[in-house]
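There are 2 protein chains.
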Amino acid sequence: MQNFTYWNPVKIVFGKGTISELTALIPIEKKILMIYGGGSIKKNGVYDQVKKVLSNHTFMEFAGIEPNPLYSTCMEAVNVIKKGEIDFLLAVGGGSVLDATKFIAAAAKFEGKNAWDIATGAEFKSALPLGCVMTLPATGSEMNCHAVISNKITKEKYPISNPNIYPKFSILDPETTFSLPKRQVANGIIDTFIHTIEQYITFDVNTPLQDRQAEAILKTLIDETPKIMAEPVDYNARANFFWCSTQALNDLISCGTVSDWTTHMIGHELTALYGLDHGQTLAILQPRVWINKKQEKSDKLVQYARRVFNITDKDKSNAIDLAISKTEDYFQSLGIKTRLSDYNIDAKEAAEMISQRFAKRETKLGENEQVTPKDVKEILLNS
Amino acid sequence: MQNFTYWNPVKIVFGKGTISELTALIPIEKKILMIYGGGSIKKNGVYDQVKKVLSNHTFMEFAGIEPNPLYSTCMEAVNVIKKGEIDFLLAVGGGSVLDATKFIAAAAKFEGKNAWDIATGAEFKSALPLGCVMTLPATGSEMNCHAVISNKITKEKYPISNPNIYPKFSILDPETTFSLPKRQVANGIIDTFIHTIEQYITFDVNTPLQDRQAEAILKTLIDETPKIMAEPVDYNARANFFWCSTQALNDLISCGTVSDWTTHMIGHELTALYGLDHGQTLAILQPRVWINKKQEKSDKLVQYARRVFNITDKDKSNAIDLAISKTEDYFQSLGIKTRLSDYNIDAKEAAEMISQRFAKRETKLGENEQVTPKDVKEILLNS
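Taken in sequence, the protein lines are chains Y and U. Residues in the first sequence are numbered from 545 upward in steps of one, following our numbering. Residues in the second sequence are numbered from 545 upward in steps of one, following our numbering.
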């Protein structure tokens, strides 16, 4: 096991009817900016619930955070904050809304000239306090200090990470997910699955507990998927899904291990260039990343085959191939297509453009930093 | 799944050489009381390491915390704190030292007349800040806000729990465990195992992820045990053990579930009355608690049999019996005896005295609150 530091101070408030706890979670003297997206929270009643609960608090609203939230939209919110003397941010919605809110919290306090620098790695030592009502199990953003932010002009999408942007609290009420469209649910399942995979299928550094904790998420997700997809109002299935997605990216399973993130990094480029859903990019890329790095990842892939899919084939290479194919079948069972051509994307063009981007940036991908731009090209050509 | 709130702000600093991080973890202006036990940290070099690292800090020492720490000893430390104007406590040692430090932190700020009231349930709203260098994987105290405290006069042992006594940080360096006596290691393994069991083998409230997270700990522990016991300086085995013990009682696996704690509660009485090691009491009692509540716990016991011990016997009752017997074998493989008679304790006397205590206190035991004083008697008679 490698040395690590783990600190995760997010208060999780989980279950039916927990939006009512907002009153006690945000100090009454705070001036709140409630940040949300395209208005789905107005249709499913969450907006009304939040407004009612906060009726004794002072708050303003900022609507219109888009999926894959844009820097430009975030900066509009920063203006509202500065004019309105806001001192608490409340994200209400899914991962995009919360990621945007995290960026806004940092940008509102950023002392540098250009807040975009935050996305490209500039240090920041403070942020506005924030909390969230999370309505979409997927990104795990509710229990971590990470966010992903996009730039419309440069067509780039960057992850940021900083302990100052941990939410003070996250309210997770599985009932708020009942009205989600099937496509978003399927994307959320894939996102949760791949978050786990990126921290698990690497090289072995002797972390048997973390491995089993990762397998716990994968197996639960696979078991619950038919229930999650079949019946939107199955409370327990939605609750279990929500808790899986939170646990998949609260950095617990990566304690003392090495992480990959190749699939996510290439996926962000596919989204930035072609507008694919994040979940779709992951489903397309993950099998191809494994084929490309089958040798390097073989120990964990065999373990994954044996423990997650109960594959008993003694030939390790066969077991891995079968596990990859079962994983792709699983993604397809969710109604997510797993080839670039299914989305009318020219694999050759994507391979060329994206591998060039990585070559230019000199970003080192993979747990071994051994995924070269040439590998990126091959992965995309195979996709 | 039941509603829950999860908040665990402990910073874990894990790995080789991490004691050196103390310098940065405790603000330089703090006046520290370093609290420790019987001096084993002087033999294994931890004392010297801590002193060296804190050479620029102001600190005093309080030695002599005993196993199953006593209220009277804690109150001596409170006197030192008040006289010395101490404002930070550093526990260096195992769970007893840390539990005592938590109690001391609360008692030093307690506004009521009698600090023993903290043990019997009095509310407290503040405590001195504390951190720890943990040298014994067992209690999980390093990542929770619980402690157990004993009273020499009344021969009682009580658990306390309060968010104000979360450590600010816990340093876990597996190398500090290399010099532990075998008996303490074995006790620590059993403690970790039973912490997990108490939160897992209950009735089913549809928490498949939490179940699998619990099984992850149990299976890892069983797999690592031969390595942990055979070779004191096997770094990875000790690291995996340490991380299992932390994860077993940081309240994560009990999120949204129901917990039992019958074995612990009866075990505390055995320790208070007869001075048995905590681990010994658990190994004696757990099989007998299961026999007593086999019906109520049958779903989870079958799952435990299937998943943890790979028992395939189709007859559920047989599968449970086999799992109970394999569990007892596992405890014995650690060199821990599992019968009261092995410790020259009269089961009849123990059954009488302890069941009367529970009858008097009207404590409700078990996840169903259905473990009656009569059950306690039966469990002890069978032990």
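Treat the hints with care, since some could be wrong.
Any copy will do: because identical chains look the same in the list, a pair fits if it lies in one copy or spans two.
[Said to hold, decoys possible] When the alpha-carbon atoms are kept at most 35 Å apart in a straight line, the in silico DSBU-like pairs for lysine-lysine are as follows:
no. : residue 1 : residue 2
1   : Lys555    : Lys575
2   : Lys870    : Lys860
3   : Lys908    : Lys574
4   : Lys844    : Lys560
5   : Lys763    : Lys712
Since the hints were made in silico from the structure, they are not lab data. These figures come from a predicted structure and were not determined experimentally.
Status of each hint after checking the structure:
1. Lys555 <-> Lys575: Classified as both; 20 Å inside a copy, 30 Å across copies.
2. Lys870 <-> Lys860: both (15 Å within a copy, 31 Å between copies)
3. Lys908 <-> Lys574: neither (42 Å within a copy, 42 Å between copies)
4. Lys844 <-> Lys560: This pair counts as between: shortest inter-copy Cα distance 25 Å, intra-copy 37 Å.
5. Lys763 <-> Lys712: both (30 Å within a copy, 34 Å between copies)
The structure does not agree with numbered hint 3 stated previously, though it agrees with all others.
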